[in-house]
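K.L.:
As they're listed, the protein sequences go chains A and B.
Under our numbering, the residue at position 70 of the first sequence is numbered 70, and the numbers go up by one with no gaps.
Under our numbering, the residue at position 230 of the second sequence is numbered 230, and the numbers go up by one with no gaps.
Derived from the structure by calculation, the hints contain no laboratory data.
Backbone N, C-alpha and C fix where the C-beta goes; we use that ideal spot for every residue, glycine too.
A portion of the hints provided could be inaccurate.
Chain A residues, not near chain B, derived (Cβ > 12 Å throughout) [unchecked claim]:
#, residue
1, Cys52
2, Lys73
3, Glu74
4, Lys88
5, Phe104
6, Ile284
Calculated pairs, SDA-like style, for lysine to any residue (alpha carbon to alpha carbon, straight line, at most 20 Å) [unchecked claim]:
#, chain 1, residue 1, chain 2, residue 2
7, A, Lys223, A, Ala257
8, A, Lys311, B, Gly149
9, A, Lys380, B, Asn172
10, A, Lys21, B, Glu359
11, A, Lys289, B, Gly233
12, B, Lys223, B, Gly149
13, A, Lys393, A, Ile335
Protein chains: 2
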Amino acid sequence: MEKFFNPRSVAVIGASSKKGKIGYEILKNVIESGVKVYPVNPNREEILGKKCYKSLIDVDGEIDLAVIAVEAKECIEVIEECGRKNIKNVVVISGGFKESGNFFLEEKLREKAKKYGVRIIGPNCIGVFNGKNNFNTFFQRNMDLPDFGNVAILTQSGTFGIALLEGFANENIGVSKFVSYGNKADVDEVELIKYLQDDMETKIIAMYVEEIGRKFFEGNFTKPIVILKSGRGKLGQRAAQLHTGAMATNYEIFKGACKQKNVIFADDFEEFFGIIKIIAMRGIPKGNKLSVITNGAGPSVLACDFMEDAKYIELKEDIIDLTGSATAADYINAIEKNDADILLLTFVFQDAPLTESFEKLYEWLEKNSRFYISLALGGKFVEEQRKKLAKLKIPSFEEPRVLINSLNKILEYSMRK
Amino acid sequence: MEKFFNPRSVAVIGASSKKGKIGYEILKNVIESGVKVYPVNPNREEILGKKCYKSLIDVDGEIDLAVIAVEAKECIEVIEECGRKNIKNVVVISGGFKESGNFFLEEKLREKAKKYGVRIIGPNCIGVFNGKNNFNTFFQRNMDLPDFGNVAILTQSGTFGIALLEGFANENIGVSKFVSYGNKADVDEVELIKYLQDDMETKIIAMYVEEIGRKFFEGNFTKPIVILKSGRGKLGQRAAQLHTGAMATNYEIFKGACKQKNVIFADDFEEFFGIIKIIAMRGIPKGNKLSVITNGAGPSVLACDFMEDAKYIELKEDIIDLTGSATAADYINAIEKNDADILLLTFVFQDAPLTESFEKLYEWLEKNSRFYISLALGGKFVEEQRKKLAKLKIPSFEEPRVLINSLNKILEYSMRK
C-alpha cells in the first residue's frame, strides 16, 4: 500500500494537454506534489513542461505508481504494460466498468492485474490523497485541503470524499490518508481497513460505502470506525448499483453487524461528519451526563426534544439559561460550577453583551479543557466565531438534531467498548 | 400593528450609555433606523447624542412605540406611564416573567396594558424587524440583514429568529416582517397570523413556536405557513416552559392539526429553513416527477435512499450520471432533454471539467427557468458557487436528507391544497 501514498515516481496514462480535461488535472496535481512524473499520451511530446511518452513501454526508469485515465476498454492493455514494466500499484480513475454493466470488462481488468501481481485501486474512482505531503491523484481544483492529522477516509464516492476533505480542512481536522476506491475490482474495504487499523498515523476511520461485505465485519477493530452507507432501500440500491456496481444488501443486517462489532453507522452525511468531528476534536466523553449552558435558549429547547430519544445521553439538569444579557464572565462562572461530563454550550454570538467579551471566553476555554460541544447559528460573523472554536478544537454545530444524534452514537459506541 | 413596524417615534426605556448593555444596543439600532428617538434613563442626560429623559412622563411629543428593557418588576410602572402618555404599542424585551415562574407579575403586566388599551409584544423577546426599512428593536450586532421580500417570521425564540434572518440574508431571500413575541402575554400567534395573512407584503409565513393553541388552527389560511415547534416530549416541554412559559402540548395532536389545516410542520431547523427556502426561491412545483442530474453520484445515491420514504416525490428514472468529466454543455443537454417537473441538480463544482465551463451553465440556467433544486458539498469555492445559485434563486443544499424531506413536505402541502 505504501507506494499508493508515497510513490517516488508516477506515470499518468491518458495525460492531456487540455486544461479542464481529467488527464490534464491529474497530471497537474501530481506534478505539484513534487514526485517524478511521466505523462503518457501518444499524441503529445510534452505536457505542462514534462516530457510526454507515447506509451509506458517507452519510459526509462522505475515507476512506483501508475494513474490511468483512458477509456475503459483501453485500460486492459495499459495494465498489461504496467505488469511488464513491473509497476505494482495502479489507480484506475476511468469509469465504464461494472457500474455501466460491463462486468466482463471489469473481470478482465482484475485478471490482467492478478496475472502480474499488480494491485488496483478503482476503477471508477478519484484515487488517493496523502495528508502528510498532500500527494494526490485528483482531477479536482479549488479544494481546501486539510492538514496532516489522524483521521483516515475510505470512500466509494469521490464527491463525498472531497466533501469530507474540505469539511475537515475548514474545521481544523487533520487527515492521514484518503482512498477513493470506486468499484473495488481489486483493493477493497477489507484490505483497506486492515491497513488503516495497523497504520500508526491513523486513529479514526471514516468510510462512505455503497457495498460492504460480511468479510469486513470479521476484522479486528481497535480504532473507531464511522460508516455512512447508502443503498438502503430499492431506490438507493438501484442508484448504488449504477454508481459503483454495488450489490443490494439489507440495511437492517448491516446495522446489526455494525452494532455487533461496535462500528458506528451514521444516518446521513451531516451526522457522519458530526460524529467524526466530535471524536477528532474532543475524543470520547468519559461519562454521559450533559448540561446545557446558553445565552439564547431556543435551539437548546429543540436539543432537549432530540435528547428525548437519545437514550445514551443523560440530561443532568434544566437548561442553564444565562439570557441575552450574558457576558463571558457569566459563561465562565456557569461552567466552573458545573461538573457535567459533557457541556453543551449554545452561543448567540450576535447578542452584544457576549460580543463585547468573547475574546476572554475563548482564552478561558483554551486553558480550561472540558468536553465542550457548541451550537451557534448565524451568518458571516458567527462563521468567524465558529472558526475560532474549531481552532480551540471545540466542535460546533448549527443543527441541534445533528449535534444530539452524533453525540448519542458516540456514547453508544463508548458504552459498548 | 402598523406602529410596531413603522413608528415615527420610539421611546427606549432602560436605555444605557454602556456599550454591550442591552439598553445601549437597542437604542443604537433604533437610532440607526432614522426614526425620532427618546432614550429614557433617570441617570443620564444624553446617550449616543440623543437627549435622555428621566421618565416617559418628561417626554414632549407623541410616541408611537415604546421599547422596554428594564427589570421585570419595573415594567409594570412603565406600562402605566405608557398608558397615560397614550402610547398604544409596546415591546417588552425584559425577561423574568412567566418563564421564570412569575405568573403573577405577567398577569399584572397584561392587566395594566389592558386597562389603557396598550398592546404588548413580549415580554421576554427581541421585538420586531421591518424588512422594508430595516427598523428593528434588536440588541444584536454584526448581523447579516436580509433585503425586503415576502417571507414573514414569527418566533418565540430570538435566537432562532435571528438565525432565520441571517440565513435568508445569505441566501438572497427577502423578509417582509419579523416578530419575536416571547411569552406572548398579549399579542399572540393568533393575532399575528391573521395580520400576516392579510398583509399584502407577505406571501409565506415562517413560525418557530413553543406553545400554540387550538385557536390558531381555527384561522383561515390562504398563504403557506411553515412551523417549527419544540416542546415535543417531556424534556423539551420542560425546557420550553422555562424558556417562554409554554404549556405542554401533545406533539401528535399538533401535527394532526397541521395536516388538517394544511400547515407545514418541520422536523428540525434545517428542514424548516429548507422548506421556506424552496418555496421562497422557486415556489411550489407543478408536479412531483423528479429527475436527478449529476456529475458525481454519491450524494444522489443517498438522496435516493431518502426518497424511498418520501412518498410525495416520484423519482422519474435512474440518476442521470454525467460523470466527473461533465461540462456545462453536458448539463444543459441533459436538462433540455428532460421533462421532469423537478430537476435535482447535484454539482461537484470542484471537478475541473465543470469548473472550466460553469459560467456558461449559470447563464443558461438563468434564461431557462425550471423547478431546479441543487446539491453541492464543499469548502470556500463551493460556497461561492452556492451564492451564485442563490442569486439565480436556485435553492442549494448540502445534505441530501434535508433536501428530500423539505421537498416532500412541500409536495404534500401542494397535494392537500
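K.L.:
Would you pick out the hints that fail for this structure and give their numbers low to high?
P.N.:
As far as the earlier hints go, only 8 is violated by this structure.
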